[in-house]
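J.: Spelled out from the first residue to the last, the chains are:
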Amino acid sequence: MKHIKNTISLSVLLLMFATFVQAQAWEIPDGEKSKTNPLELNAANSEKGFEVYQKNCKSCHGDVGAANFMPLVPPPTDLGSAAFKTANTDGEIFYKMTTGKGAMPSFKAVLSDDERWAVIAYLRAGDKTDATVDKNAKLSIVANPDDKSISASITTKDATGKEVKLVGADIEISIKRIFGNLTIGKGKTNATGAFSVNLPEDLPGDSLGKATIIVVAKRFKQEEKIEIDWATPSKHHDLTAQASIWGTSANAPWWIMLLYIGIAGSVWVVIIYIVLQILKIARLAKKNV
Amino acid sequence: MNHEALPKEESKQLFEKIQTDLFAPLSKHYGFTAWIVVLATVLITAAMAYFIQLRDGLGVTAMRDIVSWGLYISTFVFFVAVSLVGMLISAVLGLLKIPGITPITRIAELIAIAFVMMAGAIIVFDMGRPDRLLNVFLHGRIQSPIVWDITVITTYIVISLLLLILPLIPDMAIMRNRFKDAPKWQVMIYKILSLGFAGLPEQKKIIYKSMRTLSILIIPVAFGIHTVTSWLFAMTLRVGWDSTIFGPYFVAGAFPAGVGAMAIALFVFRNSYNLKEYITEKHFDLVGKLLVLTSLLYLYFNLNEFLVPGYKMKTADGHHLEMLFVGKYALLFWFVQIFGLILPIVLLLFKKMRKPFPMLIIGVFVVIGAFLKRFIIVAPTLEHPFLPVQNVPEHFMVYWPNGFEWAITMGAISIALLILTILAKVIPIMPVWEIALEKGVREEELEEAYKNN
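Protein chains in written order, with this note's numbering: chain A, 614 to 902; chain B, 24 to 476.
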């Protein structure tokens, strides 16, 4: 009885608390509201913010703009929604992240000021994504069979319209497998503007040694594929072609054939012999007459 | 084992009496019609149920994706088990020259044929699309225990039929000569089945030699039929089936089932065919002792089959065994073990219990136990699939046969009994010539009866 009472009172308390949490509004000092993001709204900052967001915010808020946040009470906001972004200034978002409230924890001790501002840069970048992408950037790949390497570089045009190779651009090189892409190397282009990886010596391709290499430069929204024919050819064992328990009758293992035909055959030889003997009874009768 | 030949006159009278006694049931009908009506009623019900199953598919049964073998398959195993008695009585006891078994050999053969034929048939009843039966033969794989099972069942049917027909040839010759006034078609059948047997020495030699050869041949084939039946289960990795002793466990289990059925059949034929002089209390004593022997052997296999995994209780085995020992199948399990196995062993140790009527009661319990035991072997295992079952209705995961299955199964049992009844009606249920020789009728008396004239 006592147990039930406790349960009921606890539930009521929790319910009240939940309502209280929901009803409580953010109170943000005016000075905080008007703060602006000290970081430049560029791709680098946005990417940094993205990484921070993935590690610290996504578990409750879900993917930005996807509205797939955790079903909590009160619900975590989709931080990519237009409603959220227009209702809050940068200063307000920063303040909320810093202090926290109710179920929203304070990130003051967890993330540096820069990291928190980077998240805001990331959230705001969504609006300007297309603008930040360098339309002149072009990804190119070179496959070198001699040392089994793949080299990628990004060229763009500088202010004078001259073609230049970008230094320090992020590039990911992977190989296409059956169920997805397997990353082989990930890094930044070096001083000469190239990023290269050596493929493993025994990297398996198809039966002819062909494989598809995929190079992605995410920030430039570039993806290129190249087919190589110098991967290690892989031999596929056709499991139904060999003699096996699971194969068709034609592929039965010899020992099953031997046992089956041997045993059934010898029994039936005797049966046929007996039947012939029985028929002999009738023949003997005719002869006798 | 020939007795000393009787004096001529006495011998003649005895042979006449044997013939009168053993041929009597062919024309007299004590309760025959009533029995046929009972069987026919069950059959009609079963036929209606089967019609609906054929029209609407196996969905009308309680079987689903998870438990796809149910009452039909356990009945199949039961039928195969019972049919093994043909081999046990006519071959093993015959070759061991156990005295006085001649009067019960043909009954054993008839049981074997009736039940093994229905074992084949009930597999077809378990098919949703029996019209595709031919595919089993066209596309069957030699690696599949199902193909082995079809082979060995067919072989066993053929050998059992031959073992029935061979000692029947001299009987048919006697009947051909004795019932000359019978309807023409009947005489015709006797003529064909007697194969012109006229008691020639070569003809007799062929019959003796062939019977002996078949008696030896049927032993490995009978072991084969039930071992391969057990392999249908044991060749999988399923809990409760994945056992190395499943073959001998099944063979050992088949003997008490068949001998129990034998006890019932002996009691029924003895009374309804008025054959008390031929099927004596000695036969019941013999069958009783045989039941103890075979049940002890089966008990030993049960001990191995349940104690060994029960001691280890591996995760999946543990769930399965708990279900049997204390779970939803506990009642069935302990009923089968106590009333179908342990109590019969204990009771039959007493001579009083090996009399005809107690033997009938014990036989009934042993046969019911054997039937339920097959169900316990088949169904509970399927309720424990290795892959987790999710998002299926509750009734997919538990199984208990429904009315359709019971009706069709009862139908199959009554067809088996009908085959047995009709065969026992049109042919003498004992080899007349062998009985005559055993009782001391002179050879020349038989020669006279065989003569083709």
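Hints listed in this document are in silico derivations from the structure and should not be mistaken for laboratory results. Heads up, a few of these hints could be off.
As the list claims (entries may be wrong) - Covered stretches of chain B (chain A as the covering partner; in silico rule of three or more C-beta atoms under 8 Å from a C-beta of chain A):
#, segment
1, 182 to 196
2, 216 to 227
3, 376 to 386
All C-beta atoms, glycine included, are put in the ideal place defined by N, C-alpha and C.
J.: A separate judgement is required for each hint: does it hold in the structure or not?
T.: Comparing the hints with the structure gives:
Given a C-beta distance limit of less than 8 Å, the hint that chain A covers the segment 182 to 196 of chain B holds, as 5 residues qualify and 3 suffice. Beta-carbon proximity to chain A at under 8 Å applies to 7 residues in the segment 216 to 227 of chain B; the threshold of 3 is reached and the given coverage holds. Under a criterion of three residues with beta carbons nearer than 8 Å to beta carbons of chain A, the stated coverage of the segment 376 to 386 of chain B fails, only 0 such residues being counted.
Taken one by one, the earlier hints fail for this structure only at number 3.
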